[in-house]
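Numbering-wise, numbering that gives the first Met the number 0 puts 59 at position 60 of the sequence shown, and it's gapless, one number per residue.
If you are wondering where the hints come from, they were derived from the structure by calculation, not from laboratory data.
Treat each hint with caution, since some may be false.
What the hints assert, rightly or not - Pairwise CB distance ranges, derived in the manner of DEER restraints:
id: 1; residue 1: Gly186; residue 2: Leu49; range: 45 to 53 Å
id: 2; residue 1: Ala71; residue 2: Lys119; range: 25 to 33 Å
id: 3; residue 1: Gln94; residue 2: Glu205; range: 48 to 56 Å
id: 4; residue 1: Phe305; residue 2: Gln17; range: 24 to 32 Å
id: 5; residue 1: Arg150; residue 2: Ile271; range: 41 to 49 Å
id: 6; residue 1: Leu127; residue 2: Gln23; range: 50 to 58 Å
id: 7; residue 1: Trp100; residue 2: Pro62; range: 18 to 26 Å
id: 8; residue 1: Gly109; residue 2: Ala208; range: 39 to 47 Å
id: 9; residue 1: Leu294; residue 2: Leu125; range: 48 to 56 Å
id: 10; residue 1: Gly275; residue 2: Glu201; range: 34 to 42 Å
id: 11; residue 1: Glu205; residue 2: Gly109; range: 45 to 53 Å
id: 12; residue 1: Gln17; residue 2: Lys80; range: 23 to 31 Å
id: 13; residue 1: Thr262; residue 2: Gln22; range: 57 to 65 Å
Said to hold, decoys possible - The calculated lysine-lysine pairs, modelled on BS3-like cross-linking and capped at a C-alpha distance of 30 Å, are:
id: 14; residue 1: Lys181; residue 2: Lys126
id: 15; residue 1: Lys128; residue 2: Lys80
id: 16; residue 1: Lys110; residue 2: Lys167
id: 17; residue 1: Lys243; residue 2: Lys287
id: 18; residue 1: Lys74; residue 2: Lys128
id: 19; residue 1: Lys110; residue 2: Lys80
id: 20; residue 1: Lys240; residue 2: Lys167
id: 21; residue 1: Lys293; residue 2: Lys181
id: 22; residue 1: Lys119; residue 2: Lys74
id: 23; residue 1: Lys119; residue 2: Lys167
id: 24; residue 1: Lys74; residue 2: Lys167
id: 25; residue 1: Lys110; residue 2: Lys126
id: 26; residue 1: Lys74; residue 2: Lys110
id: 27; residue 1: Lys240; residue 2: Lys287
id: 28; residue 1: Lys80; residue 2: Lys181
id: 29; residue 1: Lys167; residue 2: Lys128
id: 30; residue 1: Lys167; residue 2: Lys80
id: 31; residue 1: Lys181; residue 2: Lys240
id: 32; residue 1: Lys128; residue 2: Lys110
id: 33; residue 1: Lys181; residue 2: Lys119
id: 34; residue 1: Lys110; residue 2: Lys181
id: 35; residue 1: Lys243; residue 2: Lys119
Beta carbons: idealized from backbone N, C-alpha and C, even for Gly.
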Amino acid sequence: MDAAEASSAPRLLVVDDQPTILQQVHHCFTPDFEVFIATDGEQALARAGLIDPDLILLDVAMPGLTGLDVCARLKRQSSTKDIPVVFVTAGQGEQEEMACWEAGGADFVGKPINPLTLRKRVEMHLKLKQQAEHLRRLALTDGLTGVWNRRAFDELLSAQWQRDHIAKRPLSLMMVDIDYFKHLNDGHGHLAGDQCLRHLAERISELMAIGHGEVARVGGDEFAVLLGSTELAQAAHLAQKLQKQIQVDPISPGPQGEPANVTVSVGIATTIPASGVDHRMLFSRADKLLYQAKLEGRNRIRASRF
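With the sequences and hints as input, model every part of the structure.
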């Protein structure tokens with residue numbers, strides 16, 4: 000786990016080449032914010048991809064890549080395009096103001112910095128971002144189980160692929176499927192089948208909260224788990240824990256129903272994301288491994304690295 004994951008405080012990336020400005024901003028936001036520093040454009044792009052900040056404060060005039068260049072690049076990357084960028088500028092002209100908007104900035108504040116104004120602007124944009132994320136989450140959540148839906152998972156996979164590609168870290172994807180789900184539906188009814196799906200989603204989510212995985216329902220009885228910065232052995236260990244948990248504490252098909260003999264098959268694929276490789280390849284590999292687990296008798300795990 001890195002520092003960004005360890006804290007629940009909002010993450011703020013401050014980009015400026017002037018030490019006095021960096022010190023002033025750092026003093027303004029600590030300890031309520033987790034403040035990260037970058038002193039040039041290239042460093043800003045690298046850190047934005049690694050720490051996934053909640054907001055970026057970006058100086059316009061810097062040597063090398065300007066703040067406008069950095070913002071334009073951030074807005075072209077799927078993993079960083081939704082991060083609000085507030086420009087910090089000494090310029091007062093209409094032309095520079097227009098350039099900030101056109102680059103994709105959410106707002107701008109002038110130099111010399113007024114700490115109270117800066118703080119209030121940042122808090123306002125974070126609140127707007129939280130509201131937008133709440134509405135977006137409603138649209139990206141599976142109505143039956145409460146986990147992510149397929150559309151959300153595709154976006155999460157694309158973003159995590161970019162992050163682990165930049166960091167050169169392994170990315171694992173786990174596919175989980177209920178064995179003989181049609182028989183369960185036929186024997187206990189569709190309401191009982193729905194209840195099993197909800198119970199399984201809860202089991203996976205509780206387990207993956209430990210492993211920091213993102214859980215989605217991607218098919219009728221299929222769930223996908225995205226495990227960023229996770230080796231194959233770690234992912235396989237989580238899958239084994241899930242199967243053991245279901246064996247020890249069977250899933251019930253209904254509130255008063257007898258526990259059903261529910262088992263799951265799992266396919267796991269792991270890779271270090273590379274440029275020029277479609278991130279959907281990871282999903283395809285995990286899905287094929289899941290199919291292999293079912294062909295070989297179900298209630299088993301098949302895993303591979305490529």
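Going through the hints against the structure:
Checking the proposed 45 to 53 Å range against glycine 186 and leucine 49 shows it holds: the Cβ atoms sit about 49 Å from each other. Between alanine 71 and lysine 119 the CB atoms are about 27 Å apart, so this pair conforms to the stated range of 25 to 33 Å. The given range of 48 to 56 Å is respected by glutamine 94 and glutamate 205, whose C-beta atoms sit roughly 54 Å from each other. The beta-carbon spacing between phenylalanine 305 and glutamine 17, approximately 46 Å, falls outside the hinted interval of 24 to 32 Å.
In this structure the supplied range 41 to 49 Å is violated for arginine 150 paired with isoleucine 271, their Cβ-Cβ distance being about 26 Å. The beta-carbon spacing between leucine 127 and glutamine 23, approximately 24 Å, falls outside the hinted interval of 50 to 58 Å. Checked against the hint of 18 to 26 Å, the C-beta distance between tryptophan 100 and proline 62 comes to roughly 23 Å, which is consistent with it. In this structure the supplied range 39 to 47 Å holds for glycine 109 paired with alanine 208, their Cβ-Cβ distance being about 43 Å.
At about 49 Å, the beta-carbon gap between leucine 294 and leucine 125 stays in the expected band of 48 to 56 Å. Take glycine 275 and glutamate 201: their Cβ atoms lie about 38 Å apart, and the range 34 to 42 Å holds. Between glutamate 205 and glycine 109 the C-beta distance comes to about 48 Å, which sits within the given range of 45 to 53 Å. Hint check: glutamine 17 to lysine 80, Cβ distance near 27 Å, so the stated range 23 to 31 Å holds.
Evaluation of the 57 to 65 Å hint for threonine 262 and glutamine 22 yields a pass: the beta carbon distance comes to about 58 Å. At roughly 45 Å between alpha-carbon atoms, lysine 181 and lysine 126 are farther apart than 30 Å, so this suggested pair is violated. For the suggested pair lysine 128 and lysine 80, the alpha carbons sit about 13 Å apart, so the restraint of at most 30 Å is met. Between lysine 110 and lysine 167 the alpha-carbon distance is near 38 Å, which puts this suggested pair outside the 30 Å criterion.
This hinted pair checks out: lysine 243 and lysine 287 have alpha carbons roughly 23 Å apart, not beyond 30 Å. Between lysine 74 and lysine 128, the direct Cα distance comes to roughly 15 Å. Compliance with the 30 Å bound is thereby established for this hinted pair. Between lysine 110 and lysine 80 the alpha-carbon distance is near 25 Å, which keeps this suggested pair within the 30 Å criterion. In summary, the hint linking lysine 240 to lysine 167 is supported, as the alpha carbons are separated by about 27 Å, within the 30 Å threshold.
Straight-line distance between C-alpha atoms of lysine 293 and lysine 181 comes to about 14 Å, which keeps the hinted pair within the 30 Å bound. Only pairs whose Cα atoms come within 30 Å are accepted, and lysine 119 paired with lysine 74 is accepted, the gap being roughly 24 Å. Of the pairs offered as hints, the one joining lysine 119 and lysine 167 is violated, with about 37 Å between alpha carbons and a cut-off of 30 Å exceeded. Under the criterion of a C-alpha separation no larger than 30 Å, the hint pairing lysine 74 with lysine 167 is consistent with the structure, at around 22 Å.
About 24 Å separates the Cα atoms of lysine 110 and lysine 126, which keeps this hinted pair within 30 Å; it holds. Between lysine 74 and lysine 110 the alpha-carbon distance is near 24 Å, which keeps this suggested pair within the 30 Å criterion. In summary, the hint linking lysine 240 to lysine 287 is supported, as the alpha carbons are separated by about 22 Å, within the 30 Å threshold. Taken as a hint, the lysine 80 and lysine 181 pair is broken in the structure, with Cα atoms around 41 Å apart against an allowance of 30 Å.
Taking the CA atoms of lysine 167 and lysine 128, the gap is near 29 Å; set against the 30 Å cutoff, the hint holds. For the hint linking lysine 167 to lysine 80, the alpha-carbon distance of about 21 Å falls within 30 Å, and the restraint holds. Using a Cα cut-off of 30 Å, the hinted pair lysine 181 and lysine 240 holds, with the two alpha carbons roughly 25 Å apart. Taking the CA atoms of lysine 128 and lysine 110, the gap is near 25 Å; set against the 30 Å cutoff, the hint holds.
Distance restraint check for lysine 181 and lysine 119: the Cα-Cα separation of roughly 55 Å exceeds the 30 Å cut-off, and the hinted pair is therefore not satisfied. Using a Cα cut-off of 30 Å, the hinted pair lysine 110 and lysine 181 is violated, with the two alpha carbons roughly 65 Å apart. Among the hinted pairs, lysine 243 with lysine 119 is inconsistent with the structure: their alpha-carbon atoms are about 50 Å apart, more than 30 Å.
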